Amino acid sequence: MSDKPEKFIDENGLRLDGRQINEIRQMKIKIGVLSRADGSCYLEWGNNKILVAVYGPRELHPRRLQKADSALIRYRYNMAAFSVEERIRPGPSRRSIEISKVSREAFEPVVMTHLYPGAVIDVFAEVLQADAGTRTAAINAASVALADAGIPMKGLVSACAVGKVDGQLVLDLNKAEDNYGQADLPVAMTQDGEITLLQMDGDMTQEEFRKALEMCKEGCRQILEMQKEALKAKFADDTALPVPDEAEETVDVATALEDVVEDSEEETGAVEPEAEETEEADESAEDIIEEDLEPVPEDTEAEDVEEEIAAEETDEEDADEEILDVEEEFIELIDEDTEDEEKVATEGSETREQ
Amino acid sequence: MSVLKKDYIYNLMLKGKRVDDRSFDQIRDIALETNVIDKAEGSAWVKYGETEVLVGVKLQAGAPFPDSPDEGVIITSLELNPLASPEFEAGPPKEGAIEMARVTDRGIRESGAIDLNKLCITKGEEVWIVFIDIHVLNYAGNIQDASSLGAIAALMTTTIPAERDGKGEDMAMPMRDMPLAVTLVNIGGSLMVDPGLDEETVCDTRITIVSNQDGSISGMQKSGNGALTEEQAIKAVEMACEKAAELRKAHLSSI
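These protein sequence lines are chains A and B, in that order.
Numbering-wise, the first sequence is residues 1 to 354 according to this note's numbering.
Numbering-wise, the second sequence is residues 1 to 255 according to this note's numbering.
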């Protein structure tokens, strides 16, 4: 059943989908698409369709999970059952648990968690349609959704992958390149070029790794521009009327969702129920066998990152105006929140003492 | 408590020192014994400093995956046994254990260390499934590298029990490479190889690089809630490849 193409790069140096080797796929970003979430983002990247919601900072229950000096970040990466060719079993897999962990760690260095002790910031990333590079796409969307939620950050995080096909490094793998390529290196970076996510599998020399990292950096820079543009489009224009705007966008997502569902119905018709394979997964074997693990929400080994963040708090000159504006707005909101939280906290402890 | 520890380790780092007097690029003493479990088809016991890991390899004939009908299957699991640390709890594996198992698995899989085609019994119907089970017995830092070394050593001593199962003649595990993980931690901007318990507890970033005999890289994973600079990532890769070559020479060449 191998539909492996003979060549990934033609004589003109173009890839199967007509891109240059250092060209990323088309990306569309929409902000504030979900009315209930504090921040949200719908992102399309090639055929990837990703929806991210951010809730928080909000009080964390159970209370024993609360951190006295900072907020906890929870990140849930989840693939919809219909997001890939062959239906995947819903719920966390070992793959999605790992991706959730490294993605959370991609944001922990930039989110100013020390501002919200005892709180939690929830990031829910839902892959509606997968087409190679979903973890990086989800990170790009989550970064924008966090900004939309007004969560103070040192900067935006942007992510993309470099892979190797036909012995050549290419930026932003498509499905065929991901499935049959020789290597895959997903990277997330801050706007200062600090690496917050780095994974690799496949085969690369040290020299190729150095070059790949350069390519990732350039890719992330381009994505950062798009993220900024999207935020500007939403927040820079104060005269924009939020209500019709949001309504329109919600409709768009709904339409997109319908498309996805239709697609999946067509596909699932031909799928045997037993053949459960994460098409996108690099290690299908593992995922199938070990799929029925339960997710355990847990207090993870988050360490003292606050010190560094505090030290770099002043280091904001790069931050764009619109982000700052949003931040200010939300810091006000958050101040109220914090008061509320304190109230709740006191009440809570009183009850406990009784 | 951990703030004090962090300060202490950071201040030592400024003087170019580590808590256990190692240099930044020095791995702890390693002990390795193979074939320690007779019932397993291959096994290895590894000691990295005080960290102890036991790896067992079992084989079972089973169905291949539809997308690779003529290839054997590798399944790696890692258990953070509650006997290994006061922090570990019984129950289904948590994200840390899953991550380490998957990084070990990717290193072995992506390097092509096992010739999976040779594990095919009948194309499309039956192949050998290789179960690599990693038991952490004592946690004193850097389970990742101990697991990786243990897994590859156990695989190298594995015999495929074909006669037992009536599937032809016994054969040695068809190994083609010796991928090894080397983990470094970032402490205040300095990279230290093979973190001990305290170093691993206080560091905010850890990076694991799996490299092969020819110096190529087959896996990488940044872990922890900090960031790395590009220079650090490149330096880590260089150091890891160098250290992996040393480890291979010292511990695997004699198996």
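Please keep in mind that the hints were generated in silico from the structure rather than gathered at the bench.
This one's a predicted model, so the numbers in the text were calculated from it and none came from an experiment.
Honestly, I wouldn't trust all of these hints.
Stated by the list, open to error - Below, simulated DSS-like cross-link-like pairs (lysine-lysine); rule was C-alpha separation at most 25 angstroms, straight line:
| id | chain 1 | residue 1 | chain 2 | residue 2 |
| --- | --- | --- | --- | --- |
| 1 | B | Lys17 | B | Lys58 |
| 2 | B | Lys17 | B | Lys235 |
| 3 | A | Lys175 | A | Lys217 |
| 4 | B | Lys47 | B | Lys249 |
| 5 | A | Lys175 | A | Lys101 |
| 6 | B | Lys6 | A | Lys101 |
| 7 | B | Lys118 | A | Lys211 |
| 8 | B | Lys249 | B | Lys235 |
| 9 | B | Lys5 | B | Lys17 |
| 10 | B | Lys15 | B | Lys5 |
| 11 | B | Lys94 | A | Lys101 |
| 12 | B | Lys123 | A | Lys67 |
| 13 | A | Lys4 | B | Lys123 |
| 14 | B | Lys17 | B | Lys6 |
| 15 | A | Lys67 | B | Lys94 |
| 16 | B | Lys118 | B | Lys47 |
| 17 | B | Lys58 | B | Lys47 |
| 18 | A | Lys4 | B | Lys6 |
| 19 | B | Lys58 | B | Lys15 |
| 20 | B | Lys39 | B | Lys249 |
| 21 | B | Lys5 | A | Lys67 |
| 22 | A | Lys232 | A | Lys28 |
| 23 | A | Lys232 | A | Lys101 |
| 24 | B | Lys58 | B | Lys123 |
| 25 | B | Lys235 | A | Lys217 |
| 26 | B | Lys58 | B | Lys39 |
| 27 | A | Lys232 | A | Lys4 |
What the hints assert, rightly or not - One-sided and incomplete, this derived list gives chain B residues near chain A with beta-carbon spacing under 10 angstroms:
| id | residue |
| --- | --- |
| 28 | Asn11 |
| 29 | Leu12 |
| 30 | Val19 |
| 31 | Asp20 |
| 32 | Lys94 |
| 33 | Gln213 |
| 34 | Asp214 |
| 35 | Gly215 |
| 36 | Ser223 |
All C-beta atoms, glycine included, are put in the ideal place defined by N, C-alpha and C.
Given the hint that Lys17/B pairs with Lys235/B, does the C-alpha gap stay at or below 25 angstroms?
Given that 25 angstroms is the threshold and the Cα spacing comes to 19 angstroms, the pair holds.
Straight-line alpha-carbon gap Lys39/B to Lys249/B, limit 25 angstroms
violated, 28 angstroms
Would the hint linking Lys58/B and Lys47/B be met if the CA-CA limit is 25 angstroms?
holds, 21 angstroms
Would the pair Lys5/B and Lys67/A pass a check requiring their Cα atoms to be no farther apart than 25 angstroms?
holds, 19 angstroms
Hint validity - Leu12/B Cβ closer than 10 angstroms to any chain A Cβ
violated, 17 angstroms
Verify the proposed pairing of Lys175/A with Lys101/A, using a straight-line Cα cut of 25 angstroms.
Answer holds: Lys175/A to Lys101/A is near 23 angstroms, not above 25 angstroms.
Residue hint Ser223/B, partner chain A, criterion CB-CB below 10 angstroms:
holds, 7 angstroms
Between the alpha carbons of Lys5/B and Lys17/B, is the straight-line distance 25 angstroms or under?
holds, 14 angstroms
When the least beta-carbon distance from Gln213/B to chain A is tested against 10 angstroms, hint result
violated, 12 angstroms
25 angstroms limit on alpha-carbon distance, applied to hinted pair Lys58/B and Lys39/B:
holds, 9 angstroms
Interface hint outcome for Lys94/B [beta carbon to chain A under 10 angstroms]:
holds, 6 angstroms
Next pair to validate is Lys17/B with Lys58/B; report whether the Cα-Cα distance is within 25 angstroms.
Violated, at about 42 angstroms.
Hint compliance for this structure: hints 1, 7, 12, 16, 18, 19, 20, 23, 27, 28, 29, 30, 31, 33 are not met, and every other hint is.
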